[in-house]
Amino acid sequence: MLVHNSDIAEIFSEIADMLEIQDANPFRVRAYRNAARLLQSYAPNLQTMLQQGQPVPHLPGIGTDLMGKIREIADHGTCALRDQLRRELPPGLRQLLAVPGIGPRRAKLLHEVLGVDSLEQLADACREGTVAGLRGMGTRGQQRILQAVEDRLSKSRRFGIALATELADTLVRHLRASDAQAKVEVAGSFRRGRETVGDLDLVASSSRPTALIAAFAAFDGVGQVLAKGSTRASVVLRQGIQVDLRVVAPVSFGAALHYFTGSREHNIALRGLARRNGLKINEYGVFSAEERIAGETEASVFKAVGLPWIAPELRENRGEIEAAQQEQLPDLVQLSDLKGDLHVHTRSSDGRNSLREMALAAQQRGLDYIAITDHSSSLAVAGGLDADGLARQIDDIDALNAELHGIVLLKGIEAEIRVDGSFDLPDDLLRRLDLVVGAVHSKMDLPSERQTARILKAMDHPCFTLLAHPSGRLLGEREPYALDMNRVIRHARERGCFLEVNSQPSRLDLNDQYCMQARREGVMVAIDSDAHSVLDFDNLRFGIAQARRGWTGPDNVLNARSLTALRKLLLKARG
DNA sequence: GCCGTTTTCGGCCCGACTGTTTTCAGTCG
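Residue numbering for the first sequence follows the numbering used here, starting at 6 and increasing by one per position.
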């Protein structure tokens, strides 16, 4: 049985939840959580390494015991500890931990006293009024829990980055415009560039914190105020997203921004480092004994523990602190590094704008070139181009290039990769193009071996340049294809072709982990908008964020190269 | 359960808010 690292992570996460409900040593619980977290973002497949007898590198936080459990899970798909915990506690109990206001203690209490072991049963118990009778609970708590359970049962909890960006921008503008003279920044997973966010965290400093918190609670989009104190408040916006605001004094702003940017794992690691240096870090600053020695800016916080500033996207405790200590932090790609966009549609397939409109919009955003890559004909639903249509578009592009200055259109196609790995356009036409972007839009449910073979074969075509949205996932809608991405990335290296980081907020594909792996393998990526209208160039920032999370530097980004350098690379890929 | 500039035992990040408590436990971030 194939065991992904994420499967092992899920088992460890379940064990952590169950142990916590059983009131186990919290540090033991943390060990499982840390391991789960690590495995979740560790790309090389451990089961394969173990089965092939390859040496497994030392993974921080995974000692003899957890490594033994990893072997057990790789061999059997489960481990004895999980099976034992499942016998002791109903698995449904875990769901209760996801309800705001319910932690391990209350989950245990609910189970032991009321026999509750699922969200549905919890909702029933609240309606019957029995939850209010528990120690530490009352009717108000019961009401809140019922509301939270009903919310949770009715909708998913994570929000796309496009909506989150819009809401965050609006709210921050509102707070900055209030008369509280506030400095406001968005922190949290949003600032770290996560592909989705569970909530928004705002950090502010103001001479009038009470006025700022009042302005926050009075924001037009607020549906419900959950909590409101003198230094922090929480609301739920009408869209269902929770927003937490924390207000600190200006001398603490950097420390608070760092603290609430997280990740939690990064913070714990940084605090550990501080403690070993005899310092204490909290959201108010860095303290030596009672004296605050840093905190006004983030850079001062890092400096106090002997580190350079670390970009938020790296703060996942995936080695960034060690890299900072060794002065080996990566130079991360920025939006301004992009010289072009290699995946752009027009009205010739399913885009909304003309060649000229797309070209001018790209130029306005400071790009030097874009590749026109409309769909090919087998994607009938998108009105894809057949051979004649593509030939006409090639002529149109030549004509427009002769006319335009300061922006160059490259000739390309988003070519359907058919089930047998071939393309749906003749080779002589593909050879006239500057690049061929291969993509899978059909038969997405092939078994892994066939799907992988299909894509590897397409990459072997001499005209193949770039694999579009490699995993095929749609966030919150569609899982990635069954695909051996490790082989795809290795094959791209051997073949000398490229992989896309698709910037559409619903795709973000490659994701951060595979960006990291591509970087390790030396495979260049193209950060593309996949624009279907002139507005979509704005999405490039989302792709940039994922690439940065994957430690990608401008050197590893195909479209951060000048047009001249890009043309050389495209020709080389053609072999 | 992990780990070592406090090194094989004894630590493990830290503070705010809520609700129900009559001094604080539980939860959250």
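Source of the hints: derived by calculation from the structure; they are not laboratory data. The beta-carbon is built from N, C-alpha and C at its ideal position, and this holds for glycine as well. Any given hint could be a false lead.
[What the hints assert, rightly or not] Here are the simulated BS3-like cross-link-like pairs (lysine-lysine), alpha carbons at most 27 Å apart as the crow flies:
1. Lys-113 to Lys-188
2. Lys-462 to Lys-344
3. Lys-188 to Lys-233
4. Lys-188 to Lys-308
5. Lys-462 to Lys-577
6. Lys-285 to Lys-308
7. Lys-344 to Lys-233
8. Lys-285 to Lys-416
9. Lys-233 to Lys-416
[Said to hold, decoys possible] Now the in silico label distances, taken between C-beta atoms and shown as ranges:
10. His-179 to Arg-455: 30 to 38 Å
11. Arg-498 to Ala-392: 27 to 35 Å
12. Asn-30 to Gly-277: 28 to 36 Å
**OP:** Check each numbered hint against the structure and report the violated ones by number, ascending.
**Re:** 1, 2, 7, 8, 9, 10 and 12
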